[in-house]
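S.K.: Keeping their order, the protein sequence lines are chains A and B.
Taking the working numbering, the leading residue of the first sequence gets 1, the next gets one more, and so forth.
Taking the working numbering, the leading residue of the second sequence gets 1, the next gets one more, and so forth.
Everything labelled a hint here was simulated from the structure, so no lab data went into it.
Please note that a few of the clues may not be correct.
Copies of the same chain look alike in the list, so a pair counts if it fits in one copy or across any two.
Below 20 Å or equal to it, Euclidean Cα-Cα: the simulated SDA-like pairs (lysine to any residue) are [said to hold, decoys possible]:
| no. | residue 1 | residue 2 |
| --- | --- | --- |
| 1 | K550 | A67 |
| 2 | K499 | R372 |
| 3 | K550 | A133 |
| 4 | K137 | K550 |
There are 2 protein chains.
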Amino acid sequence: MATEKHAIGVDFGTNSVRALIVDVRTGGEVATAVRDYQRGDHGVITDPNNPHVARQHPADYHEGLQASVTAALRQARAIPGFAPEQVIGIGVDTTGSTPIPVDPDGVPLAFHETFRENPNALAWLWKDHSGMAEAEKITALAAEHRPHFLAKSGGTYSSEWFFSKAWHCLNADPTLFAAAHSWVECCDYIPALLVGDTRPDRLLRGVCAAGHKAMYCEEWGGLPDAAFLAMLDPKLGELRPRLYEKAYDSGVRAGGLCAEWAERLGLPRGTPVAVGAFDAHHGAVGSGVADGTLVKIIGTSTCDITVAPKDRAASTIPGVCGIVDGSVLPGLYGIEAGQSGVGDIFNWFVSEVCEGDAGFHGALSRDAAALRPGQSGLLALDWNNGNRTILVDARLSGLLLGQTLRTGRAEIYRALIEATAFGALTIHNRLAEYGVNVERIVACGGIADKNPLLMRIYADVFGRTMEISRSAQTCALGAALFGAVAAGKAAGGYDRAEKAQAAMTGVKETRYRPDPERHAVYRELYALYKRLHDTFGVAGHQECLHDVMKTLLEIKQRA
Amino acid sequence: MATEKHAIGVDFGTNSVRALIVDVRTGGEVATAVRDYQRGDHGVITDPNNPHVARQHPADYHEGLQASVTAALRQARAIPGFAPEQVIGIGVDTTGSTPIPVDPDGVPLAFHETFRENPNALAWLWKDHSGMAEAEKITALAAEHRPHFLAKSGGTYSSEWFFSKAWHCLNADPTLFAAAHSWVECCDYIPALLVGDTRPDRLLRGVCAAGHKAMYCEEWGGLPDAAFLAMLDPKLGELRPRLYEKAYDSGVRAGGLCAEWAERLGLPRGTPVAVGAFDAHHGAVGSGVADGTLVKIIGTSTCDITVAPKDRAASTIPGVCGIVDGSVLPGLYGIEAGQSGVGDIFNWFVSEVCEGDAGFHGALSRDAAALRPGQSGLLALDWNNGNRTILVDARLSGLLLGQTLRTGRAEIYRALIEATAFGALTIHNRLAEYGVNVERIVACGGIADKNPLLMRIYADVFGRTMEISRSAQTCALGAALFGAVAAGKAAGGYDRAEKAQAAMTGVKETRYRPDPERHAVYRELYALYKRLHDTFGVAGHQECLHDVMKTLLEIKQRA
Numbered sequence: 001m002a003t004e005k006h007a008i009g010v011d012f013g014t015n016s017v018r019a020l021i022v023d024v025r026t027g028g029e030v031a032t033a034v035r036d037y038q039r040g041d042h043g044v045i046t047d048p049n050n051p052h053v054a055r056q057h058p059a060d061y062h063e064g065l066q067a068s069v070t071a072a073l074r075q076a077r078a079i080p081g082f083a084p085e086q087v088i089g090i091g092v093d094t095t096g097s098t099p100i101p102v103d104p105d106g107v108p109l110a111f112h113e114t115f116r117e118n119p120n121a122l123a124w125l126w127k128d129h130s131g132m133a134e135a136e137k138i139t140a141l142a143a144e145h146r147p148h149f150l151a152k153s154g155g156t157y158s159s160e161w162f163f164s165k166a167w168h169c170l171n172a173d174p175t176l177f178a179a180a181h182s183w184v185e186c187c188d189y190i191p192a193l194l195v196g197d198t199r200p201d202r203l204l205r206g207v208c209a210a211g212h213k214a215m216y217c218e219e220w221g222g223l224p225d226a227a228f229l230a231m232l233d234p235k236l237g238e239l240r241p242r243l244y245e246k247a248y249d250s251g252v253r254a255g256g257l258c259a260e261w262a263e264r265l266g267l268p269r270g271t272p273v274a275v276g277a278f279d280a281h282h283g284a285v286g287s288g289v290a291d292g293t294l295v296k297i298i299g300t301s302t303c304d305i306t307v308a309p310k311d312r313a314a315s316t317i318p319g320v321c322g323i324v325d326g327s328v329l330p331g332l333y334g335i336e337a338g339q340s341g342v343g344d345i346f347n348w349f350v351s352e353v354c355e356g357d358a359g360f361h362g363a364l365s366r367d368a369a370a371l372r373p374g375q376s377g378l379l380a381l382d383w384n385n386g387n388r389t390i391l392v393d394a395r396l397s398g399l400l401l402g403q404t405l406r407t408g409r410a411e412i413y414r415a416l417i418e419a420t421a422f423g424a425l426t427i428h429n430r431l432a433e434y435g436v437n438v439e440r441i442v443a444c445g446g447i448a449d450k451n452p453l454l455m456r457i458y459a460d461v462f463g464r465t466m467e468i469s470r471s472a473q474t475c476a477l478g479a480a481l482f483g484a485v486a487a488g489k490a491a492g493g494y495d496r497a498e499k500a501q502a503a504m505t506g507v508k509e510t511r512y513r514p515d516p517e518r519h520a521v522y523r524e525l526y527a528l529y530k531r532l533h534d535t536f537g538v539a540g541h542q543e544c545l546h547d548v549m550k551t552l553l554e555i556k557q558r559a
Numbered sequence: 001m002a003t004e005k006h007a008i009g010v011d012f013g014t015n016s017v018r019a020l021i022v023d024v025r026t027g028g029e030v031a032t033a034v035r036d037y038q039r040g041d042h043g044v045i046t047d048p049n050n051p052h053v054a055r056q057h058p059a060d061y062h063e064g065l066q067a068s069v070t071a072a073l074r075q076a077r078a079i080p081g082f083a084p085e086q087v088i089g090i091g092v093d094t095t096g097s098t099p100i101p102v103d104p105d106g107v108p109l110a111f112h113e114t115f116r117e118n119p120n121a122l123a124w125l126w127k128d129h130s131g132m133a134e135a136e137k138i139t140a141l142a143a144e145h146r147p148h149f150l151a152k153s154g155g156t157y158s159s160e161w162f163f164s165k166a167w168h169c170l171n172a173d174p175t176l177f178a179a180a181h182s183w184v185e186c187c188d189y190i191p192a193l194l195v196g197d198t199r200p201d202r203l204l205r206g207v208c209a210a211g212h213k214a215m216y217c218e219e220w221g222g223l224p225d226a227a228f229l230a231m232l233d234p235k236l237g238e239l240r241p242r243l244y245e246k247a248y249d250s251g252v253r254a255g256g257l258c259a260e261w262a263e264r265l266g267l268p269r270g271t272p273v274a275v276g277a278f279d280a281h282h283g284a285v286g287s288g289v290a291d292g293t294l295v296k297i298i299g300t301s302t303c304d305i306t307v308a309p310k311d312r313a314a315s316t317i318p319g320v321c322g323i324v325d326g327s328v329l330p331g332l333y334g335i336e337a338g339q340s341g342v343g344d345i346f347n348w349f350v351s352e353v354c355e356g357d358a359g360f361h362g363a364l365s366r367d368a369a370a371l372r373p374g375q376s377g378l379l380a381l382d383w384n385n386g387n388r389t390i391l392v393d394a395r396l397s398g399l400l401l402g403q404t405l406r407t408g409r410a411e412i413y414r415a416l417i418e419a420t421a422f423g424a425l426t427i428h429n430r431l432a433e434y435g436v437n438v439e440r441i442v443a444c445g446g447i448a449d450k451n452p453l454l455m456r457i458y459a460d461v462f463g464r465t466m467e468i469s470r471s472a473q474t475c476a477l478g479a480a481l482f483g484a485v486a487a488g489k490a491a492g493g494y495d496r497a498e499k500a501q502a503a504m505t506g507v508k509e510t511r512y513r514p515d516p517e518r519h520a521v522y523r524e525l526y527a528l529y530k531r532l533h534d535t536f537g538v539a540g541h542q543e544c545l546h547d548v549m550k551t552l553l554e555i556k557q558r559a
């Protein structure tokens, strides 16, 4: 019997870092530890005068990395037969786009004494929106001069993304910008740190961040060309050679664990470290994403991830956030879509409208579960936080329709869940129109695990079975899985991510199967949803909506 | 100095009767008493198996009439110098359409031993909707064969109205229908009772009920012709001669108080009694309605009433409930419009969504008052209870749009108030388009008196000053006023209702004046409201609404 082999996945979230030690043969989760960030508000450094600012201190990453991994190893050591030497590989995922301005050695400027108090020297967290104006200009200039740059990101460049942030820094704080030799995504910085070489011209950049957030594409020679960046600002053009020429998928090894971090973590020097990627993408891998399998990561917002062979799927899909070669699994298009508000919308209704506490979801869910499809008479749009896919429009907002003098809270709550299901179906249908094959849907994330009402509604709305990922920490599991791939088959790992997935990922026994009658009602409701969606969301789309309220009433009376 | 003269107004509501004794010279309210109905649920007799049934027992009218008037007189006698002999006239208003099946003597069948337990023998209260199917058929047949019948009632015959009820009785209970010699509106029955002759072929029918609810119009020879009624059912055609040929305005004297009721009330025999009308119409008169003055009776729903000279206003206005010669003031078109939900919508939000008690309106109003127009980012349609004017469509429902993840209760509450203001403005604009002159707006009713936030919003939305009727019981005051007109000038009353209004009605000193800046924002919001109104409410009206949410956001950001 072979010695057991383990891999470690390290998942850098918004408020904490999680380290997970996984049995490479089975995917069994041996030990896990979470370290909360110590700075700011749960790790997020904000600006009281500017609600768009959200930063993180790289020191939190360093401390969190060491603390979470060593704590997980401590736990694991209590298991008979476990030894740190069994760890054959490390994988990393982080939030993103979370770029960090660094010096020529790759040291974050936040560690420089000069910039100790300067928030622009910190990591620019994914949800920092200070570059809104810059994002609009990038979108406009790209639409005019390089339309293909936008085709892979739904037609709009977001304020959350790499160049919006770097450019905003240039505009708001030219001194800091000038001091930055390069900008490095958090998901690229951590593996570089572990392998002991953070120099921007040496570290391996992940294609996940590059492709989804920085308009990187091999077809057009990597990142946007210097001439285009110079149109934004000559100084951005000058930055271009100090960024990178090539990006890599997570099947590639970033290097071996350096002496310093081997010591700090208590792991063997030289342990293979995989190229990093974003949390949702590794989460999808940890949930078993494959050609034909769509993974829905359902939380406060939703991320929909699947992969498709390059000879079948379109290389651009209108309104879909990103299609990037290798961003999820090597050799396949990684396709990312998402809803900008899901759990957040339910939380809004409970806390702001009902003024209930978190436990109030349970009471509302019980009452909402007793309703039949259509019985509420309501229809909602799931746009309280804008629409990410397929309309890519942050300036859309919520809509609720059909209320009478007797409409109650549970009916509204159910209508909001249904609205998110209709939004999810709209994404699914758009993927299918463009040749993406979806045979299975696997959900993961807090809501998928804890909200059977939502899962049943999604199954009935889609008319398809909903499965749930076996792991409750799929991001860290996906990261560990790439650790096992970085180790390679000879070292007891895997030579291909798909083989690792077959061994290490799975779904729960509980499956949510659709009911044909409920599905039939939802088909009618979805037709109404789609008309509202298009009339309010698509420029130039005209409709007469005179029948909508009456049809809802008819459906209600039948229910 | 002349002896003081008084008039009595008796106002039959849904749950109680109010008697008001008024100083004819000044309109001063000398004494008032309310008698709750004793039967059913606060006077309303319902059917546990049919939510559409709402009936009243005529015995409640008899008892309520005697109890309220004698109690008011008792109060008045405590005032030095008052004597019942000073009462020179009596006026009556009631809810409607509230028809009562009667025998050849005009005795309600409910008093017949045979029908003692039969709810169809009761008065069919205004809000009884059991004749929905019949209403639809009347609308369809009239549209085909007598389109002019519908032109004065907004194009739709309602289930709340006279013929829907009589016909439903015929369909549901032919025996009872056969036993009914005629059907008499409550507002016609009470004056007939007071003058001691309820025989259907002798009592005077009011043009208010006849014109607004029974398609009566002098132009086409009174009520719908027997041939048309026979198309509905031959038995309705046979009823036609047992109804009436002519209807009268409330400036006409129905007769003098009979011996029996003079005795029961303690008033002089022969005291003039005016022809009756509906509560809202008399309420408008008591609020000073005139050519150029629109009265808004704002409560759970809203009634908008004005008058216009026949040579200027159109005799039909699309979507307006009724235009009836003399239904409000003799010699002028009475014009009635309304919103089917106003206070009811605020009550719904407080009780069903916030689950607050009645006192919670105060807290929400305080917070909502602190918001500027547009600041909520929200827009709503006021259709939770359908739309009475100008769409005449009970199958419409509510809509709320613009909510984000931060939208709070007070913002929604304010948006609902604003929605009712926009609905009110839509009615006003429709009247103006058809030549109805509105120089002043006078509000009355519970909400107008108690909700300064609403009144300010209405003033800002309309861009006009909102006045408030001086009396808090304008319906009974209007009835008393017609009592004074029935008495005539020679008896110390008036020869014309307008002269009585000049003396007896007025407005409060508090006026709500519009703010030009707020009005400018509301003009923008109203333009959006109107587009939603038309797209969801008007058959065939197409719009692209792609800009609506974005424009709301812009307005919010400016606010």
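S.K.: Tell me the hint numbers this structure goes against, listed in increasing order.
M.R.: Hints 1 and 2 not satisfied by this model.
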